[in-house]
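**Student:** Sequence:
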Amino acid sequence: MAKVRGAVVVNQQRCKGCNLCVVACPTQAISLHPDHMNDKGYHYCYMSNPEACIGCTSCGMVCPDGCISVYKVTQK
1 MAKVRGAVVV NQQRCKGCNL CVVACPTQAI SLHPDHMNDK GYHYCYMSNP EACIGCTSCG
61 MVCPDGCISV YKVTQK
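Under the UniProt record's numbering, the sequence shown has 65 at position 65, and the numbering climbs by one with no breaks.
A couple of the hints might just be wrong.
[Stated by the list, open to error] The calculated DSS-like cross-link candidates involving lysine-lysine, where the alpha carbons are at most 30 Å apart (straight line), are: (1) K76 x K3; (2) K16 x K40; (3) K16 x K76; (4) K72 x K16.
[To be verified] Simulated restraints on C-beta separations: (5) M61 x S31: 12 to 20 Å; (6) G66 x V4: 22 to 30 Å; (7) A7 x P34: 20 to 28 Å; (8) R5 x P64: 34 to 42 Å; (9) D39 x K76: 34 to 42 Å; (10) K76 x K40: 34 to 42 Å; (11) K76 x N38: 29 to 37 Å; (12) A2 x P26: 18 to 26 Å; (13) Q13 x S48: 32 to 40 Å; (14) R14 x G55: 19 to 27 Å; (15) E51 x V23: 33 to 41 Å.
It should be emphasised that the hints constitute simulated quantities derived from the structure, not laboratory data. As the structure is a prediction and not an experimental result, all values here were calculated from the model. Positions of the beta carbon are idealized from the N, C-alpha and C atoms, including for glycine.
Full structure from sequences and hints, please.
**Tutor:** Encoded structure:
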């Protein structure tokens, strides 16, 4: 049986680093990037632990700017 995992895609230039997605993630798969900033000077979110993502869409639902898309990926 195939295993389903989540994949988060972030619009890095639109993200303002509000940290709401990091708090909402039940598996701590998302973090704010500690080293990189977008053109506006914000630390954007990224998948720091992609193996932990379950595709629950909690991060996408709480994002006030709608810059997070969540996909479910089937693994063999």
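**Student:** All hints are to be evaluated individually against the structure, with a verdict given for each.
**Tutor:** Hint check results:
Only pairs whose Cα atoms come within 30 Å are accepted, and K76 paired with K3 is accepted, the gap being roughly 7 Å. The straight-line distance between the Cα atoms of K16 and K40 is roughly 8 Å, inside the 30 Å bound, and the hint therefore holds. With a C-alpha separation of about 35 Å, the suggested pairing of K16 with K76 is violated against the 30 Å cut-off. Proposed proximity of K72 and K16 is supported: the alpha carbons are some 25 Å apart, at most 30 Å.
Between M61 and S31 the beta carbon distance is about 18 Å. The supplied range of 12 to 20 Å therefore holds. Checked against the hint of 22 to 30 Å, the pair G66 and V4 passes, with Cβ atoms roughly 24 Å apart. For A7 paired with P34, a C-beta distance near 22 Å keeps the hint of 20 to 28 Å intact. With their beta carbons about 26 Å apart, R5 and P64 fall outside the hinted range of 34 to 42 Å.
With their beta carbons about 38 Å apart, D39 and K76 fall inside the hinted range of 34 to 42 Å. Between K76 and K40 the C-beta distance comes to about 40 Å, which sits within the given range of 34 to 42 Å. A hinted range of 29 to 37 Å for the beta carbons of K76 and N38 is consistent with their spacing of about 35 Å. A beta carbon spacing of about 22 Å between A2 and P26 agrees with the range 18 to 26 Å that was offered as a hint.
For Q13 and S48, the hinted distance range of 32 to 40 Å is not satisfied, since their beta carbons lie about 19 Å from each other. Judged by the Cβ atoms, the range 19 to 27 Å given for R14 and G55 holds: they are separated by roughly 21 Å. Separation of E51 from V23 is about 20 Å and departs from the stated range, judged on CB atoms against 33 to 41 Å.
The structure fails to meet hints 3, 8, 13 and 15 from the earlier list, while all remaining hints are met.
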